[in-house]
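J.: Listed below are the residues making up each chain.
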Amino acid sequence: MAINWFKYSAPSTFYGLAGKLIPWFALPAAVLFVIGLYIGFFVAPTDAVQGEAYRIIFIHVPASILSMFLYLIMAGYAALGLIFNTRLSSMMATAIAPTGALFAFISLWTGALWGKPMWGAWWVWDARLTSELILLFLYFGFISLHASIDDPRRADRAAALLAVVGSVNVPIIYFSVKWWNTLHQGSTIKFTGTSMHVAMQQAMFITLVACWLYAIAVALTRVRSIILERERHTKWVADLAEVKA
Amino acid sequence: MNTLSVWQLLVLVVRRDLLLAMRRRADVFTTLIFFVMVVSLFPLGVGSEMELLRKMAPGVLWVAALLASMLSLGRLFSADYVDGTLEQMMLAPQSLSILVLGKMIAHWMVSGLPLVLIAPVLGIQFDLSAPAQGVLVLGLLLGTPVLSMIGGIGAALTLGLRGGGVLLSLLVLPLCIPVLIFGTGAVYAISAGLNGAMVSNLALLAAMLMFSLVLTPWVSAQALRISME
Amino acid sequence: MNTLSVWQLLVLVVRRDLLLAMRRRADVFTTLIFFVMVVSLFPLGVGSEMELLRKMAPGVLWVAALLASMLSLGRLFSADYVDGTLEQMMLAPQSLSILVLGKMIAHWMVSGLPLVLIAPVLGIQFDLSAPAQGVLVLGLLLGTPVLSMIGGIGAALTLGLRGGGVLLSLLVLPLCIPVLIFGTGAVYAISAGLNGAMVSNLALLAAMLMFSLVLTPWVSAQALRISME
Amino acid sequence: MLEVSHLACSRGDHRLFSDLSFVLESGQIMQVQGENGSGKTSLLRTLCGFLSPESGKILWDGTDMRELAEDYFANLLYLGHHNAIKDELSGVENLRISAGLAGIALDDKQAIAALRRMGLKGRERLPTKVLSQGQRRRVALARLLLGEAKLWVLDEPLAALDVGAVELVQTLIAEHLARQGMVIFTTHQPLEIAGMEMRRLSLS
Amino acid sequence: MLEVSHLACSRGDHRLFSDLSFVLESGQIMQVQGENGSGKTSLLRTLCGFLSPESGKILWDGTDMRELAEDYFANLLYLGHHNAIKDELSGVENLRISAGLAGIALDDKQAIAALRRMGLKGRERLPTKVLSQGQRRRVALARLLLGEAKLWVLDEPLAALDVGAVELVQTLIAEHLARQGMVIFTTHQPLEIAGMEMRRLSLS
Ligand code: HEM
Ligand SMILES: Nc1ncnc2c1ncn2[C@@H]1O[C@H](COP(=O)(O)OP(=O)(O)OP(=O)(O)O)[C@@H](O)[C@H]1O
Ligand SMILES: Nc1ncnc2c1ncn2[C@@H]1O[C@H](COP(=O)(O)OP(=O)(O)OP(=O)(O)O)[C@@H](O)[C@H]1O
Ligand SMILES: [Mg+2]
Ligand SMILES: [Mg+2]
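Residue numbers (my numbering), protein chains in the order written: chain A, 1 to 245; chain B, 1 to 229; chain C, 1 to 229; chain D, 1 to 204; chain E, 1 to 204.
You may find that some hints are simply not true.
Unchecked claim - With a straight-line Cα cutoff of 16 Å, these simulated EDC-like cross-link-like pairs (lysine to aspartate or glutamate) come out:
no., chain 1, residue 1, chain 2, residue 2
1, D, Lys129, C, Asp83
2, A, Lys235, E, Asp13
3, E, Lys121, D, Glu35
4, E, Lys109, E, Glu124
As the list claims (entries may be wrong) - Residues on chain C that point at chain B, a partial pick, calculated with CB under 8 Å:
no., residue
5, Met37
6, Leu52
7, Leu53
8, Lys55
9, Leu67
10, Val166
No wet-lab data here; the hints were simulated from the structure.
Predicted, not measured: the structure shown is a model, and the values here were computed from it.
Glycine included, each C-beta is placed from N, C-alpha and C at the ideal position.
Required output: the full structure, derived from the provided sequences and hints.
T.: Pasting the structure below:
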């Protein structure tokens with residue numbers, strides 16, 4: 001097993017593997033999205049307090065959760081790259097960042113759309129919203145820093161350091177609703193007993209899984225193009241069928 | 001080999017500075033994000049009462065624009081000074097004022113224009129009304145070039161001094177305060193329904209722009225010659 | 001010729017950076033004046049309702065402190081980088097973290113400490129009560145070193161990059177926001193009579209200070225090594 | 001014709017030189033000699049108008065250089081201790097811009113040709129910050145290939161150059177003199193122009 | 001003893017050198033030769049650990065330099081293209097600080113003596129920004145007078161120096177070799193140490 005692992009941590013082999021894996025994530029993602037949104041918008045009942053507006057939750061919550069998890073995963077990969085000097089993990093970190101930023105942005109955007117009917121304002125300066133905004137900025141910081149440094153190896157290492165330092169923010173987002181008494185509501189999904197309708201739960205769960213699959217598929221696609229760009233001078237890239245064509 | 005006209009030279013300098021800014025793709029982007037961030041920080045410190053925020057909005061946006069342009073002023077001449085390019089500029093057969101004007105224009109395009117473009121989005125955060133937004137943007141459009149140009153004088157005067165960045169702000173901020181007052185004044189005027197006051201505030205800004213356009217390049221050029229001795 | 005202990009080395013670096021700051025007498029002075037000016041600009045942009053001002057005060061003071069420290073962060077390492085001193089530091093037979101810590105301390109003494117000292121005077125302008133003032137100053141005393149230290153990481157990471165100043169803010173501001181929140185939170189808590197909340201906010205600041213003191217010099221040293229490659 | 005009469009220059013408490021007079025005619029070359037700190041750079045910078053002389057005059061074709069201002073600068077090419085090139089820009093971009101500042105329009109082809117002549121083949125499009133010290137100096141020296149400036153003021157043009165590049169600079173200077181240009185320069189390394197009388201000015 | 005084995009270094013697309021091996025023993029001196037851009041500076045910076053080599057090892061007394069880290073640096077004196085002096089500080093202050101960074105306590109008297117030996121009499125207390133190029137280089141070179149560092153890595157130590165200063169540097173190097181030091185350096189100017197075999201390493 002250990003040998004296998006090392007084999008696939010080489011960009012040249014991982015490139016092929018990722019290519020094979022992508023459809024296995026992309027297709028289910030699309031299907032589950034459709035199912036989840038269908039249940040969310042047509043099956044789940046109208047909320048007693050919030051009316052129809054609450055349905056944003058089916059996008060908002062998965063996006064919020066993913067934005068946080070993707071950051072941790074990105075930081076983890078970056079740290080691996082920093083410590084063990086493995087090229088592939090640094091590339092994975094770079095590949096994940098834009099998707100994470102996108103989800104953070106969607107979370108903020110849908111949250112804002114939701115806030116208008118609920119709180120009467122697009123935006124309030126509440127702890128969770130603010131820390132989510134910081135998360136978005138951290139993604140931007142990672143991407144900008146990486147883009148500002150010409151030498152890819154140096155860029156990887158510098159950005160990795162930033163990602164690791166920035167990961168202190170994630171627990172802050174998560175616990176912000178507990179630590180500060182604010183407008184944004186606390187967790188409704190709990191392991192023991194929940195106040196949510198079953199159809200709502202199902203829809204949310206399905207869209208969440210769909211988002212995960214989507215994120216993985218996109219990250220793999222992006223890492224493939226990063227591999228190609230970084231290894232463009234090597235022989236195996238020159239030998240690739242799609243490059244020759 | 002042909003020789004260059006004054007106009008071509010101006011274009012050359014502007015293009016050069018834009019090229020330098022673009023070479024680091026992050027550059028333009030980050031001034032913008034700095035602006036967004038400062039604007040977002042204030043409410044954080046102040047709390048989230050909508051009424052309060054609406055009142056603060058023009059002031060906060062203008063102060064943030066001022067700071068963003070200030071922060072990037074440091075590099076207006078200093079990079080050219082350190083590597084000797086500025087000496088070459090002073091030896092250019094055309095007037096130094098033209099070159100300075102070119103650098104100011106480029107500075108505005110990199111650090112002022114993006115702010116003007118993003119301001120409406122930030123205005124929404126603060127729940128500004130549509131006409132107030134319009135006036136805010138117009139004011140910024142007239143005012144930010146003035147900030148870059150007045151800033152240019154300060155940058156030229158403090159060239160090569162250590163701690164120049166802060167000293168610079170010290171010299172430039174007082175001169176920029178009128179811009180700030182007219183800019184915010186116009187927004188408050190429209191919010192209060194005083195169209196006359198709004199127009200006169202904007203007119204004053206436009207006058208300052210004309211004035212700076214004529215005077216500041218020359219003054220900065222003189223300041224540069226003094227700093228180089 | 002004797003050799004230096006770690007402690008002597010730390011003192012040497014701090015003294016060197018202070019000496020450099022003093023050599024331009026304007027340096028310390030101007031960070032201060034920048035701070036005073038930003039703080040004073042706000043009421044100008046916002047109007048002079050006392051109630052409003054009192055509410056804004058802690059936020060404005062803290063944000064101004066953050067910006068002032070940000071503004072001076074650019075030179076933390078860059079001057080040493082350009083003239084090759086940083087290379088020599090990396091070749092020092094002692095650990096680089098010590099040198100970095102020394103530079104951070106000096107930076108705080110030049111750009112943080114003066115703000116802490118002047119804050120009470122500005123607080124009066126905003127009509128803050130005496131206990132609120134006390135908490136504000138205590139908060140700044142605990143928080144400004146953290147700003148210098150977190151800023152040090154950003155300064156090290158952006159070393160030698162063009163547009164470093166703005167990129168730096170982009171990287172550092174998000175990390176500094178918690179400091180801001182706890183700092184202002186403490187003042188609001190005491191104003192609202194919530195002594196418990198006030199203490200816990202200050203305790204969090206103190207914890208951040210300890211945490212930064214241990215970690216940031218090392219992280220910055222790593223960042224410097226990466227940037228020098 | 002460059003005419004310097006009774007020039008004096010002090011920096012701080014030190015009188016660097018005084019009562020310095022010379023005339024440089026078309027086709028002549030002059031080396032300013034002296035120990036470190038004797039005032040060579042100060043003299044050259046005074047000729048460019050960066051420093052004001054304490055007393056004395058600098059005349060260009062009989063007119064005071066301060067009066068001519070831009071008209072004098074059009075005749076001048078100055079190469080200082082600093083290379084005046086931008087780290088982030090490539091050699092081609094740098095050269096086009098410095099040509100532009102000197103009032104000359106240059107296209108990419110001409111710039112590349114100039115850089116190749118300076119021995120930078122294959123490095124024309126790299127940002128100059130990755131170049132070696134000597135290669136950066138060569139980019140700066142490429143300006144010598146374009147100008148129609150009559151008076152070259154070169155402050156240690158040979159710094160950081162290898163043997164091949166030194167010969168190249170000698171050739172360029174010889175060509176410039178042959179088309180009736182003038183050169184005033186400093187160097188601590190030996191520099192000879194074949195078939196030319198080298199005038200020497202010693203500061204001490 | 002410095003032992004370099006099978007060192008390779010690339011910058012960007014260019015392979016600068018590969019499979020470079022040499023050993024430098026106490027009392028030996030080696031000149032790294034090559035054209036502009038051949039990789040001399042890169043080699044010296046690799047020896048200081050600023051650049052990581054692509055492959056190959058650098059051993060100090062048999063141990064990898066990366067492992068030794070600070071213990072290796074304590075034996076090293078590096079003088080780069082940059083002078084590593086502060087414009088605003090005087091020569092004395094600069095020298096005391098750079099000595100401090102190298103772990104040596106120095107008082108004003110010793111610093112002044114060192115600067116005088118470098119020919120900076122009367123300039124010791126001036127801020128170095130008013131000094132001439134060569135004088136600034138001399139301030140940087142004054143570090144050679146203090147250190148007990150065993151290995152000197154000098155990148156164009158003669159840049160901007162006049163004839164007298166060049167001789168002085170030659171003397172300093174000779175003294176260092178006599179007390180069993182090692183020197184590795186680059187220069188485009190001729191440099192001879194009387195009575196010493198000069199080893200040469202050519203990059204191309
Ligand atoms: C721009 C504004 C907003 C941002 C940045 C934001 C951010 C987040 C984040 C990060 C989560 C994930 C929390 C977790 O897993 O514990 C979340 C969940 C949630 N948000 Fe928002 N939110 C915003 C606005 C809103 C609004 C206006 C509402 C509705 C009133 C809302 C309701 C919820 C709900 C119900 C959850 C699910 C909590 C759970 O069940 O765990 N959010 N939001
Ligand atoms: N403020 C000052 N006080 C005292 N001396 C000064 C001051 N400013 C400059 N100097 C002296 O003026 C001289 C300037 O010399 P300059 O740079 O012209 O020398 P140079 O001949 O070019 O030397 P190099 O060969 O080293 O380049 C130096 O000796 C310097 O010490
Ligand atoms: N990113 C890059 N892409 C291509 N070439 C590069 C890159 N970075 C550095 N180089 C090349 O690497 C070499 C670095 O040379 P180095 O500075 O070691 O030369 P040197 O021998 O010290 O030269 P000099 O005598 O001019 O000081 C140069 O030829 C430069 O063009
Ligand atoms: Mg000189
Ligand atoms: Mg070199």
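J.: Does the structure break any of the earlier hints, and which numbers would those be?
T.: Those not satisfied come down to hint 7.
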